[in-house]
Amino acid sequence: MTLHGALSIIVTVKPGMEKELADLLQQIEKDPGHNPLLPFAQIDSIHFARFVICPTRPDARGRIIPSCLVFTTNYDQPLADHLQKLTTITGPGLWKVFSYTDPFPGGPFDPNNLAAFLDRHSIKANTFYVGVANRSVQQIRQDAQLRDDIQQFLDHNGKRLETKDAQDIREEIRQFLSTRPGATPTGKPSPGQTWTHEPNPDNTASYTLSRIARLSLAVILSLALSPIIIPLALIWVLILLYQELTRPNIKCSIEKDHLEQLLERETGIVQNQFSAFGDLKPGWIRYYTIMTLLRLTNFLAPYLFSKGSLSGIPSVHFARWLIINEGRQMLFLSNYDGNSEGYLRDFIDIAGKQLTLLFSNTIGYPRTVLMVFGGAKDANGFMAWARQNQLITNVWYSANPSVTVKNIFQNAKIRKGLYGSMTERAARDWLQLF
Amino acid sequence: MEVIDKKELQGLLVRGYNPLHAACYLLLKIKSAQAAKDWLSKEFQQFTTGDRHPETALNIAFTWQGLRALGLSEDSLATFPFEFQDGMATPHKQFLFGDYGSSDPAGWTWGGKNNEPVDVLLLLYAPDNSALDKLYIKLRSQWTNDPFEEIKKLDTKVITERKEHFGFHDGISQPAIIGLGRDNEPAENKIAPGEFILGYKNEYGQFTASPTVLATTDRTGLLPPARDVILSGDGPLTPTRDGTPSRDGRTQKDLGQHGSFLVFRQLEQDVRKFWDFMEAKAGDHSHPGRPADHTHPADPGTAIHPADSAHPNDSTHPADPTDMIRLASKIVGRWPSGTPLELSPEKDKPDLDDKNRFNYIPADKDGLICPFGSHVRRTNPRDSINRGDSTSIEVSKKHRLLRRGRSYGTPLAASMKPEDILRGKDDGSARGLHFICLNADLGRQFEFIQNFWINNPKFDGLYDEKDPLTGNYHDPQNQKTTGTFGIPAEKLRQRFTDLPEFVTVKGGAYFFLPGMRALQYLSSL
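So the protein sequences, as listed, match chains H and D. The numbering used here puts the first residue of the first sequence at 1, with every later residue one more than the last. The numbering used here puts the first residue of the second sequence at 1, with every later residue one more than the last.
Please keep in mind that the hints were generated in silico from the structure rather than gathered at the bench. This one's a predicted model, so the numbers in the text were calculated from it and none came from an experiment. Think of the CB as a built atom: it goes at the ideal place given N, C-alpha and C, for glycine as much as any other residue. Treat the hints with caution; some may be incorrect.
Examples of chain H residues toward chain D, derived with CB under 10 Å [as the list claims (entries may be wrong)]:
hint	residue
1	R147
2	D149
3	Q410
4	L431
Stretch by stretch, here's where chain D covers chain H in the computed footprint (C-beta under 8 Å, at least three residues) [claimed, not checked]:
hint	segment
5	12 to 21
6	264 to 274
7	328 to 341
8	377 to 385
Produce the entire structure from the sequences given, and follow the hints as far as they go.
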């Protein structure tokens with residue numbers, strides 16, 4: 001079982017250096033996996049990595065926020081191992097990129113200095129969503145390869161197998177996998193292996209148990225405190241409602257040039273990225289509301305959104321929400337299947353209410369009532385808000401760019417189905433995965 | 001229910017003029033804007049409105065360039081949706097639609113990258129060819145001051161039993177626009193008028209973004225005030241980037257009201273290639289997709305059917321026509337008569353009354369009857385999005401098209417019976433479909449369907465399949481130029497990994513189909 005982490009490094013860009021930094025990042029973006037500066041593909045624990053320059057802009061009260069550089073990865077834990085690889089394999093490249101930021105130690109590249117720098121500017125995500133369950137980069141890759149190999153075997157032997165029972169076909173698949181050359185990486189059976197047990201089963205039992213314990217504790221605590229929590233929450237909600245009804249809603253608009261630049265970067269046929277940056281509505285009520293909601297979502301996400309579905313959206317690999325710049329802005333970053341038009345339509349059509357609860361705390365979001373009603377129902381307003389706040393992602397790397405979340409889950413089912421014995425019925429169901 | 005004012009609409013939004021068997025499309029370039037506007041005002045009455053059942057019909061639509069050529073101001077042109085401004089042939093659109101290789105806009109015969117831009121589309125309909133010729137000659141005789149240059153005249157052909165060239169009944173699934181009749185439709189097929197007609201509410205209960213003009217240019221008060229399409233914004237209206245007045249009803253008028261966007265794509269069909277593929281594969285795999293329980297005698301690979309072989313003298317082509325039709329129907333998702341596989345899984349049932357009243361869930365959750373990747377399950381997934389998600393029908397309703405296309409070219413076999421087509425010799429002449437559809441939001445409707453459903457290898461949990469009927473497999477990021485198509489079965493799926501391209505794009509453009517008042521406004525510019 002693999003646990004995932006979300007590393008987020010946010011540093012101010014040296015004044016006047018935005019253009020040069022963007023040019024450097026553009027060089028990396030040409031081949032994010034194998035460029036000489038930051039060969040991300042050589043780090044086997046990275047699912048996704050990206051650089052985003054958040055351009056300078058005034059906050060909700062008109063105070064200027066300088067431009068900053070955001071560097072994020074979605075990695076397989078442990079963090080120490082990830083950082084070690086980052087500071088060695090991509091160390092000199094990161095050193096060069098971050099030399100455009102301030103404060104930066106400067107001088108010649110030093111892995112220890114870099115590690116200290118990354119540590120100093122690392123921000124914990126307020127909410128981290130994982131859509132690929134507990135699967136490592138390598139597991140996802142090997143499962144996809146396994147499925148492809150079986151498909152090709154079936155392509156070549158379909159006519160011969162057609163008349164056999166499902167159980168016999170499954171047995172032939174196992175035979176093929178055991179005898180073919182080079183079939184040894186973890187998660188894949190080695191030559192001559194018996195198929196009675198899965199070699200490295202996802203041992204999630206203790207993890208699940210601790211999760212359940214935590215949830216039970218939370219429920220008991222909230223019940224015990226309910227005489228205090230409920231009246232407070234009611235007053236809180238009434239204040240919010242008053243604000244929602246009386247404060248003017250700013251209208252967003254979509255600029256053609258901006259949209260074109262965003263869409264030009266969506267060149268992935270299977271996966272794409274989304275980065276957005278919005279001003280939080282001012283006032284401490286809003287601030288504590290969003291912090292509480294994000295914390296709650298982060299706590300509940302593993303229960304509510306397991307099985308690769310974020311509020312019913314079945315296409316998000318990873319997503320994170322960060323409150324940055326002393327609570328003035330929200331940063332939202334995600335890696336998803338498809339393109340942004342379809343992705344944003346899913347927000348509106350499938351997950352409008354849940355996501356409105358979080359996003360309605362930013363300026364320009366379509367008017368809400370009680371933080372869930374209205375909002376994304378105003379589809380035009382939602383699209384304008386999303387596009388206006390969407391940022392250009394300067395560099396985006398994906399380790400397994402040709403699999404969707406649905407593919408990942410199906411491939412894992414295929415692998416699991418190779419082990420143990422099966423009834424004819426179960427073998428038929430398993431064969432239908434191909 | 002909103003009352004739709006049919007006399008304000010061009011007739012094509014209300015009907016496809018099916019009783020008018022003859023039709024042609026004129027692609028025009030504006031040579032003299034003044035002469036074009038003079039002609040429009042003088043002959044305004046001849047354009048067919050939605051409240052008439054005419055003996056002949058005439059409708060008109062403009063590209064974005066055409067509106068500029070006519071003299072619409074830059075301010076106003078900038079209010080059209082970006083998808084319309086960009087047109088169909090930018091690199092980004094190519095990427096979305098998969099228009100590469102033989103479908104590359106650089107090689108189109110009209111529209112696209114290298115041809116003279118089309119300004120105006122005229123759609124002519126008549127009961128027969130001689131009446132159509134008369135209508136055409138009448139129009140040409142009205143153009144005394146040389147308003148247009150004819151870029152192309154595209155002819156059409158109504159094929160026996162309303163089939164398309166591959167031999168399948170086409171145009172069965174059409175949305176029923178609420179307020180325009182057909183009340184006996186199931187709820188999932190009743191679509192809000194604003195999905196097709198600007199100025200009415202769409203499936204979100206909102207008005208779709210609509211182009212506007214400065215109120216001061218509407219001297220005779222033809223147009224209604226512009227609407228704010230974002231529901232809940234208030235406070236100061238954001239001024240547009242270039243400092244022009246905000247889109248506010250007092251200063252802006254609605255040019256889109258009663259109009260629509262018309263998508264035109266000329267899709268050439270390689271009928272011989274289509275049936276050759278079925279012949280080769282049906283011989284390979286007998287009875288594709290038939291549930292495994294229906295065991296078949298003999299090894300399918302060696303089965304030869306001397307009695308009913310398609311080529312009795314050619315033993316290397318042993319395919320049974322029944323198997324060929326079955327495979328083709330799995331690709332389409334309907335049988336040649338139009339009966340959906342869902343309503344008759346085993347064989348065609350031509351006498352079925354309502355060929356459009358069906359869903360996929362729960363009976364066909366696993367795609368054993370109609371493959372997930374088949375053409376009809378992709379282009380209108382009904383209740384099967386995400387394998388039967390509860391929101392599926394609501395989502396599907398937001399991605400519908402009103403189809404108005406017609407075939408062109410001589411059929412391979414006059415009878416249009418599959419058995420005859422699959423034996424027909426290719427005479428080398430071009431044939432295909434002039435695909436025309438209407439929608440209010442190009443991005444959310446046509447482009448979404450073409451991109452997210454037709455050209456998406458990961459559609460609905462699949463791995464690497466595009467639309468098996470219309471998919472294009474040329475792609476700059478991939479060497480392979482053939483496609484994959486899987487037919488789920490109860491035991492062992494069938495999979496084809498060498499699907500050729502049966503359909504190629506030969507031309508296309510986006511047009512604005514104005515309402516009658518907007519047309520009058522345009523003619524008065």
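Results of checking the hints against the structure:
1. R147: 8 Å, holds
2. D149: This hint is violated: D149(H) lies away from chain D, its Cβ roughly 13 Å from the closest one there, beyond 10 Å.
3. Q410: 7 Å, holds
4. L431: 6 Å, holds
5. 12 to 21: It is violated: at least three residues are needed, and the segment 12 to 21 of chain H offers just 0 whose Cβ sits closer than 8 Å to chain D.
6. 264 to 274: holds (count 4)
7. 328 to 341: It holds, with 4 qualifying residues against the three required.
8. 377 to 385: Holds: 6 residues of the segment 377 to 385 of chain H have a Cβ under 8 Å from chain D.
Of the numbered hints listed earlier, those contradicted by the structure are 2, 5.
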